[in-house]
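Protein chains in written order, with the numbering used here: chain A, 1 to 159; chain B, 160 to 559.
Honestly, the hints are just simulated from the structure, not real lab data. Be aware that one or more of the hints could be misleading.
Stated by the list, open to error - With beta-carbon atoms standing in for the labels, derived distance ranges:
| # | chain 1 | residue 1 | chain 2 | residue 2 | range |
| --- | --- | --- | --- | --- | --- |
| 1 | B | Pro471 | A | Asp38 | 51 to 61 Å |
| 2 | B | Gly239 | A | Thr30 | 40 to 50 Å |
| 3 | B | Glu233 | A | Lys41 | 47 to 57 Å |
| 4 | B | Asn442 | A | Pro29 | 48 to 58 Å |
| 5 | A | Lys12 | B | Asn352 | 33 to 43 Å |
| 6 | A | Gln34 | B | Glu473 | 52 to 62 Å |
| 7 | B | Glu329 | A | Asp143 | 47 to 57 Å |
| 8 | A | Ser156 | B | Glu329 | 27 to 37 Å |
What the hints assert, rightly or not - With a straight-line Cα cutoff of 16 Å, these simulated EDC-like cross-link-like pairs (lysine to aspartate or glutamate) come out:
| # | chain 1 | residue 1 | chain 2 | residue 2 |
| --- | --- | --- | --- | --- |
| 9 | B | Lys490 | B | Asp449 |
| 10 | B | Lys202 | B | Glu233 |
| 11 | A | Lys149 | A | Glu122 |
| 12 | B | Lys490 | B | Glu531 |
| 13 | A | Lys24 | A | Asp100 |
| 14 | A | Lys149 | B | Glu300 |
| 15 | A | Lys157 | A | Glu135 |
| 16 | A | Lys41 | A | Asp140 |
| 17 | A | Lys24 | B | Asp298 |
| 18 | B | Lys290 | A | Asp19 |
| 19 | A | Lys24 | A | Asp140 |
| 20 | A | Lys12 | B | Glu287 |
| 21 | B | Lys290 | A | Glu20 |
| 22 | A | Lys24 | B | Glu300 |
| 23 | B | Lys392 | B | Glu261 |
| 24 | B | Lys421 | A | Asp109 |
| 25 | B | Lys392 | B | Asp270 |
| 26 | B | Lys490 | B | Asp469 |
| 27 | A | Lys24 | A | Asp144 |
| 28 | A | Lys49 | A | Glu69 |
| 29 | A | Lys41 | A | Asp144 |
| 30 | B | Lys290 | A | Asp21 |
| 31 | A | Lys31 | A | Asp70 |
| 32 | A | Lys31 | A | Glu73 |
| 33 | A | Lys31 | B | Glu300 |
| 34 | B | Lys421 | A | Glu112 |
| 35 | A | Lys41 | A | Glu76 |
| 36 | B | Lys534 | B | Asp449 |
| 37 | A | Lys49 | A | Glu76 |
| 38 | A | Lys52 | A | Glu69 |
These numbers come from a predicted model, not from an experiment. Using N, Cα and C, we set each Cβ at its ideal position, and we do this for glycine too.
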Amino acid sequence: MAGEKIDIEAIKAMLNLTDEDLVKPLPIPTKWSQPFWDASKQHKLVLKKCSKCGFIDHPPYLYCTNCQEDEHEWVEASGRATLAAYAINTFGVPFPFWVDLPYVVAMIDLPEGPRMISNIVECDQEKLENGMELEVVFDDVNDDITLPKWRPVDESKRG
Amino acid sequence: MGAGDFAVIGTGEVPTGNYPDRSEFEIAYEVSRMAIRDAGIDKNEIGAVLTAGHIMSNPDNDYNTEMFFGRLPEAIGANGCKVVATTISGGASSFSIRKTAEGILESGETDTVLVVHAQRFSQFSANEQAKYFSIAGSDVEWEVPYGMTYNSLAAIVTQGYMAYMGATIEQVAAVCVACRKWAMLQPNAMYNNKEITVEKVVNARVVSWPLTTLMCNVLGDGGSAYIMTTAEKARKVCDKPVYVLGEASEYSHRTITRSRQKDPGKMGEDLAVTARLAYDRSNLGPEDMDIFEIYGSYPVISLIVMDALDIPDERTSGELVLAGETSPGGKYPVSTNGEALSFGHTGTGVGFSTFVESVRQLQGRAGAAQVEGAKFLVENCGGGAFMDCHFTLMGSEVPQ
Chain A
1 MAGEKIDIEA IKAMLNLTDE DLVKPLPIPT KWSQPFWDAS KQHKLVLKKC SKCGFIDHPP
61 YLYCTNCQED EHEWVEASGR ATLAAYAINT FGVPFPFWVD LPYVVAMIDL PEGPRMISNI
121 VECDQEKLEN GMELEVVFDD VNDDITLPKW RPVDESKRG
Chain B
160 MGAGDFAVIG TGEVPTGNYP DRSEFEIAYE VSRMAIRDAG IDKNEIGAVL TAGHIMSNPD
220 NDYNTEMFFG RLPEAIGANG CKVVATTISG GASSFSIRKT AEGILESGET DTVLVVHAQR
280 FSQFSANEQA KYFSIAGSDV EWEVPYGMTY NSLAAIVTQG YMAYMGATIE QVAAVCVACR
340 KWAMLQPNAM YNNKEITVEK VVNARVVSWP LTTLMCNVLG DGGSAYIMTT AEKARKVCDK
400 PVYVLGEASE YSHRTITRSR QKDPGKMGED LAVTARLAYD RSNLGPEDMD IFEIYGSYPV
460 ISLIVMDALD IPDERTSGEL VLAGETSPGG KYPVSTNGEA LSFGHTGTGV GFSTFVESVR
520 QLQGRAGAAQ VEGAKFLVEN CGGGAFMDCH FTLMGSEVPQ
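Based on the sequences and whatever the hints tell you, model everything.
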C-alpha cells in the first residue's frame, strides 16, 4: 500500500494546472458553524448542544434537528474518539492532496454521540483497527482555519 | 393507485462510452425517437415530457435550462405536449422522475409520458471531473478539506462492511467480475470486450484502500428514454407492456456521518425493511424474482442491497457472487447490464439504464443477456452519498 513517489511539478506541467488548482479546499464557515471553527483555532473541539432537548448536532445546522429550537450552547468535547471505519487514499484524489498520499480518511465516533469524517495522522497505517482509541490533534492550516484531526492514543500505533 | 396501474411500453438507448462529438441534445433527441418508435405510438400522443436534470452542465449552452424551458417537445415535434418538467435527485433520479410521471398519469391530464436522460461527461477535462466528484459525494465544509472523495466514501463503507460482516476482498471483487460478464453481453455497455478476473480486480492499482481501480465505476457519455402510460392504454397499444407493481423508498442522510444506521454491517438489515415493503405492496416475495436489477455503483453497495433483498439462499451475498450465482447462467441474476461498474456511469443516468434494461428483460428483448422466461424482477437505485434507496417491483404481468 506504500505510496508511489509523486512528482507534483511533472503532473502540473502535463495537465497544464495552475497554482490555483493546487490550493487545498478549506471550510467556509456558515453563520451556525462559525463557533466550531473559532474554537478549533483555540485548539478546542466543541459541539453544538440544544438547550431545550440536549441533542448534539454535528454537522451543526441553523436550529436543532431534533426539536427545531434555536437556543443552544457550544460544549467542549472530551477530545477522544474511536475509529469506526477507514480508507487509505493512494491515488486519484484532487490534485492539492497528491502531496499527502498515502493518507487516511476515517469515520470516527465521538463518545458525545456525533460521528465525523477526518484524517488519522501520526499513525502507522498498517496498525489501524476499527474500534481503536483516538485523540484529537489540531492542524493549523492558516491564520483562519485549524482542522481537528486524530491520532492513535496507543503510542505503539503511531507512525 | 394500486399495483400494476402504470406500464412502460417502449424504450430507447444509445451506447455508453466516450463520445465527445455526440452532444447531450443529440442523445436526448435520438433516444426520444427510439422510444416513440419502439412503443409504436404517434409522437403527438405524448402529453408530458420529463427530463432528468443532468450534472456538470455547460454554462454556455446549458442542457438543464434548455430542457426545463421546453426544448425537447419542440425538437422532437411532440405537438400534443401539455406538461414539461425536469426532475433530479442524483442517482435516484430514475426513481423520482418515474414518481413524477406516475403523478401526471394519475392526474388524468394525459395518458402518455416520455421520460429522457442524456449526459456527456467527455466535454469536461479530467481536472473538472475530478473537482466535481470530489465535492458531489462529500460535504464541502466537513469532509472535502480532509481530502475525502467519492471513492474514499465507498472505500470507508467497504472497509466497514468487510470488517463487520466478515466479507472478503475477493467477494467484493467478484461483484465487478459478474458485472463485466453481463456487460460482455450488452452492445451498449462501455466495457464489453474484455473479461476480468477476481485476481485481476484485487491486484489492480489501489485507489483508495481497500478499493482498486477496477472496483470503482468510470464516467461515460450516454442516455436513454422510455414511454410510460396507464396500464389501460398499455394493454390496448402494446403486446408486451411492463408493469410497475409496487415501490418503496427510504431517505437516510446527506452526509454519511449522519446516516440513520451507524453500523456498516447493518445497512442491509435496515434496507430490508424497505425492500419487504416493496415486495408486500406487489403481492410478491424474493422467491418470485427472476432478476435482481441492482444499482450498486460500487461493489459493496451491490452486496448491501443483495442483503436487503433477502435472496432465498443460505449463503451470504458475497458467497453467492463469488460462486457465480449472480452472473449469466447463475441462479440469481444481478445487474444484467453490468451497471455503473461495467455499463458505465452516466451521472444521473445509471438508474435509467438499469430501468430500461429491466423493461427489455421483461419484454424478452434483452438479446444475449436475456434471462430465460423472466417474468418478475426487483429494480433498485439510490443517490448522493448513499443518501437513499428505492425498490421497484416490475412484471410482465400483474400478480393477482
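Okay, the hints, checked on the actual structure:
no.: 1; hint: B:Pro471 to A:Asp38: 51 to 61 Å; in the structure: holds, 56 Å
no.: 2; hint: B:Gly239 to A:Thr30: 40 to 50 Å; in the structure: holds, 47 Å
no.: 3; hint: B:Glu233 to A:Lys41: 47 to 57 Å; in the structure: holds, 55 Å
no.: 4; hint: B:Asn442 to A:Pro29: 48 to 58 Å; in the structure: holds, 52 Å
no.: 5; hint: A:Lys12 to B:Asn352: 33 to 43 Å; in the structure: holds, 34 Å
no.: 6; hint: A:Gln34 to B:Glu473: 52 to 62 Å; in the structure: holds, 54 Å
no.: 7; hint: B:Glu329 to A:Asp143: 47 to 57 Å; in the structure: holds, 49 Å
no.: 8; hint: A:Ser156 to B:Glu329: 27 to 37 Å; in the structure: holds, 31 Å
no.: 9; hint: B:Lys490 to B:Asp449; in the structure: holds, 9 Å
no.: 10; hint: B:Lys202 to B:Glu233; in the structure: holds, 11 Å
no.: 11; hint: A:Lys149 to A:Glu122; in the structure: holds, 10 Å
no.: 12; hint: B:Lys490 to B:Glu531; in the structure: holds, 11 Å
no.: 13; hint: A:Lys24 to A:Asp100; in the structure: holds, 11 Å
no.: 14; hint: A:Lys149 to B:Glu300; in the structure: holds, 14 Å
no.: 15; hint: A:Lys157 to A:Glu135; in the structure: holds, 12 Å
no.: 16; hint: A:Lys41 to A:Asp140; in the structure: holds, 7 Å
no.: 17; hint: A:Lys24 to B:Asp298; in the structure: holds, 15 Å
no.: 18; hint: B:Lys290 to A:Asp19; in the structure: holds, 15 Å
no.: 19; hint: A:Lys24 to A:Asp140; in the structure: holds, 13 Å
no.: 20; hint: A:Lys12 to B:Glu287; in the structure: holds, 14 Å
no.: 21; hint: B:Lys290 to A:Glu20; in the structure: holds, 12 Å
no.: 22; hint: A:Lys24 to B:Glu300; in the structure: holds, 12 Å
no.: 23; hint: B:Lys392 to B:Glu261; in the structure: holds, 14 Å
no.: 24; hint: B:Lys421 to A:Asp109; in the structure: holds, 9 Å
no.: 25; hint: B:Lys392 to B:Asp270; in the structure: holds, 7 Å
no.: 26; hint: B:Lys490 to B:Asp469; in the structure: holds, 14 Å
no.: 27; hint: A:Lys24 to A:Asp144; in the structure: holds, 14 Å
no.: 28; hint: A:Lys49 to A:Glu69; in the structure: holds, 11 Å
no.: 29; hint: A:Lys41 to A:Asp144; in the structure: holds, 7 Å
no.: 30; hint: B:Lys290 to A:Asp21; in the structure: holds, 9 Å
no.: 31; hint: A:Lys31 to A:Asp70; in the structure: holds, 13 Å
no.: 32; hint: A:Lys31 to A:Glu73; in the structure: holds, 14 Å
no.: 33; hint: A:Lys31 to B:Glu300; in the structure: holds, 13 Å
no.: 34; hint: B:Lys421 to A:Glu112; in the structure: holds, 14 Å
no.: 35; hint: A:Lys41 to A:Glu76; in the structure: holds, 13 Å
no.: 36; hint: B:Lys534 to B:Asp449; in the structure: holds, 7 Å
no.: 37; hint: A:Lys49 to A:Glu76; in the structure: holds, 10 Å
no.: 38; hint: A:Lys52 to A:Glu69; in the structure: holds, 7 Å
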